[in-house]
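Visitor: As given, the protein sequences belong to chains A and B, one line each in that order. Under our numbering, think of the first position of the first sequence as 1, with each following residue one higher. Under our numbering, think of the first position of the second sequence as 321, with each following residue one higher.
Take the hints with a grain of salt, since some may be wrong.
As the list claims (entries may be wrong) - Derived contacts from chain B toward chain A, CB cut-off under 7 Å, selection only:
1) 369
2) 625
3) 701
4) 905
5) 938
Honestly, the hints are just simulated from the structure, not real lab data. From the three backbone atoms N, C-alpha and C, an ideal C-beta is built for every residue, glycine too.
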Amino acid sequence: MVAFIIRRLLISVLLLFFISVISFFIVTLTPGSPYPWGELNPKVSPEVKRVFREKFHLDRPLPEQYALIMRDLFTGKLRSIKDERPVLEKIGERLPATLILNLGALALSLSFGLMLGVYGARHAGRLPDVLTSILAFTFIALPGFWVSYLLAIFLVNWAAVPILGTHTIGVDFTSGMQIFLDGWWHVMLPASILAIGGIAVQSRFVRASMIETMREDFIRTARAKGLDESAVFYRHALRNSIRPLLTGIGLLLPALISGSVIIESIFAYPGMGRLGYEAVLERDYPTLVALNFVTAALVLAGNLCADLLYAAVDPRVRLE
Amino acid sequence: MICRERIPLQRQNAVPVVFYLAQPPPTGKMRGMPRVRTLIVGIPLALAIVTMAALWTVMRASTERKNEMFIGSIAEPATLNPIQAADSASGAVLGVIFNGLLKYDAELNIAGDLAKSWEMSQRSTFFFETPGDAARAAVNLEAASKDFDRLHLRRRHAEGKRLILELSLPGTADSEELAKFFGDVHPLSVSTLSITAPKPLDNALGEFASHDPSAQIVRIWTNGNLGEVVFLGDANAVAQRLREFLSNKIGADGLAIEAISAPAFLAEPEIQFRLRNDVKWHDGVPFSSRDVKFTYDAIMDDRAASPRKSDYELVLMLETPDEHTVRAVYRRPFSPALESWMMSVLPAHLLADLPPDQWPLKFNRAPIGTGPFKFAEWKTNQFIRVVRNDNYFQGRPHLDGIVFRVLPDPLTLRLAFETRQVDFWAADPWAAGGFKKDARFTVFSSPGNAYNYVGWNLRRPLFQDPRVRIALAHAVNVEQMIRYVLYGYGTQSTGIFTPDMWFFNPHVRPLEFDPEKAKRLLAEAGWTPGADGILMKNGERFAFTLITNNGNAVRSDIATLIQADLKPLGIEVKIEMYEWAVFLKNFINKGEFDAMVLGWALGRGFDQFQIWHSSQTGPEQLNTVSYKNTEADRLLKSIREEFDRDKIIALCGELQQLIYDDQPYLFLFVPEGVSVMWKNAFRVRRPGPDGEWIDEPVTMTKAGWSYYLEWFYRPEYAEEAAK
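The following block holds chain A by itself, in its conformation from the complex (with noise of 0.2 Å):
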């Protein structure tokens, strides 16, 4: 177990030191370079330019950026060329509104999919089940952005809400049951399109999982004994099938950090989808670099608690 650990530990560090080898050519090597004034403007003198590429050593060899990039990202010194904050404060605060988001967006799709899923295989192959199962494949098929604005014009002009931000602005509520539903509504809304797509695909594993269990043989056992059919359901079956659910939630891990670049803009909210995309239109070299690492860092950690997490529920899994 531990050797499994320290093994993959060793790979993860190689593999994040090409993850962010590539990762600074992809940004660097991409046409375009920093000039947060922008390049057409007759009031920077060439000399600025100068003093600027120096600043961030933009006129020094690739390989050489590389190193210092690196340099100043593992000694916390690394700054950001849009407003020269350090990065890594720049990434900590969004941080937890991205986790926030992704967090109720997980807890909507793992909710609504398991209660959709299990009831459309209590009645698999009937009409309650075909109907779940359209709506399933519709809530699959419906783009994030298209709802989202829909959504929007329809709360908007009907109930004249703001849906803007993480709070309403220009209101001061008194209570903190007020404030907490507040901020509740205003991660909920955009929580609830993120979580369209996982209701969809969750609804349809757990369906799929559930009745393939209800043909395994400890299922008969368990009939045979002369329990309830509900409890057969609810209590030998499901918790069979909802285990390899479980152990993809590990997986979700840098999905909950990356944050989502269309829902964040559209919902002026303030995650780490938006600050990647804004650093990508700037050329913000060190904010992208910064967060590939971080994110490729998360998904190896991921991807090893998922293993670790799969062998301490499955004893057929053994880690050497």
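Fit chain B to the known structure of chain A by using the hints.
Guide: Relative to the frame of chain A, chain B by itself:
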């Protein structure tokens, strides 16, 4: 096998799960199972119920309006340090926190802000062989001329080999005319060398001056890697010796020494500002000339990497004779310099002891200024809030504060406006018409200071004949373009300046849409239809590629309409679109294109040297179409050296007409900026010129609808504003 398949699917005796909660409690035999069933339904249900409760809370809450203004912006400010900011999102916020020495008034005339008054003058120094010559020139001048007033001459005195003239208006023309009265003694002409070194010059130029007295250096200036020497010796010989000296001292790699065309005498303009003495920073510390000096030093400091440095590179020195006086002396006449003093002033008492690399962490996220509103909070990617400065030197603003919200999606920004979460909306042209008809809104529109154009690459033989360019202008229906692309919100452009500028020439007549005339001109230029209907000349077809950047609907529409307009004339246009960075790097900066669609968003200044002068056609320079006209070069240079308002208007008018006649660009249109406000959301109550209070609706001024921002108030809070 068969059994396993069928049993679970057919034994459907339980009610559907969603209705389960209404069922009677299960018997003891089914222990554990109801918990699972309840959770499966209960958790999603609870989530939905809490969300509905949240919706209800939010719906009920959003009614009362605070005495604040909400402004929405697509982008987030990069920094709130005025000397480092260059984006418009930062500019909007900085505008209410900081002040400059000067500002534009509502009519776009230059007015005092932190400066009570300002005065311009110039010292022109002429050099002679001997002190005797200088004295004789002074006597001759005295005897010959009677209209010193017209030539703005205040005082003159000989000082050794020099004759110094003090003028009340900077510029070169007056001094040159005065020099004609020196009679038979001729002044020595001065030469100027500009130096760009690979390393900071430090004292290298001073050492050269003492090392080489025959160069007769009369002035040196250094700032970092840049330097300048003015001398009386032989220009080529001195340049040669200076190059050798500097190569030995700091290395030849990257060393550039070039002669620049400057007046043949030493012309040193000066602007003296008298500062207000009733201004306090938001933290209560009084504002003084020390802050101005500090701001200037900070801009010139490379560590701050200010994009505004080039505005001040002609400053020879900045002096602060007392707490409330600032004097800037320039190396040569440069009239656009005055506007650079609209630059916001930084607080020296907070920043002087902080190295510039610490600013982004502290000051740039929480600035202290002198303006009508004080910085309060910045929630990244959400909003910036400023609150009223009760001690503002122009008087206490009416609003409690302003919230600048970052709403990155254009559609939701509009929705936010429609639900009154933001008070203003910069409308797209296609939507503006609807708002204009709707009585609930007030629409402000005015020609902006930007224009769109097609640039003909004059390096290509195809576009070198002016008749061809004029024909192309006649062939394109600009009026139709304004109607289709801008929904009527625009006017035809008549050249390099836009109509809102005080130096705009209203007499330039736009070239009208006239395909027949276009055909005639093309025929005159030797283009006749070939076998396939495309115009031919000397075996060449009239075909070119029109490029623009993608992601800009207006520009791609323009390209399509031009293609359609030119086709009937037998001109084949191929349209290509590239991503912005590729577009600049591979085509525009290299000058490798036939024709391109672009736009200029201009400042308020009249100096367009970098866009039109023949010296600016190199790679990455801004005269991208390679326009070269000696008369235009002369005008561009004179405009920079002219300080007399009427003369600037005359010169700019001439330049605008000249370039329009040459048609290096096909000047298309000036789009109108459209802003929408909820009707009566705000009124303005501002001090009038005679100290009375003027109460009026928000109106469009030449400087925009938000010019009187600090005097806006919400009618609901009218009593508060009247106090």
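Visitor: Does residue 938/B pass the interface hint, meaning its C-beta sits closer than 7 Å to a C-beta of chain A?
Guide: Cβ of residue 938/B sits 10 Å from chain A, so the hint is violated.
Visitor: Could you check if residue 369/B really has its C-beta closer than 7 Å to a C-beta on chain A?
Guide: violated (11 Å)
Visitor: Using 7 Å as the Cβ threshold, decide whether residue 701/B counts as touching chain A.
Guide: Holds - the Cβ of residue 701/B comes within 7 Å of chain A, reaching about 3 Å at its closest.
Visitor: Tell me if the interface restraint on residue 905/B is satisfied: Cβ within less than 7 Å of some Cβ in chain A.
Guide: holds (5 Å)
Visitor: Would the stated hint for residue 625/B survive a check requiring a Cβ distance to chain A of less than 7 Å?
Guide: Status holds, d = 5 Å.
Of the hints listed earlier, those the structure fails to meet are numbers 1, 5, in rising order.
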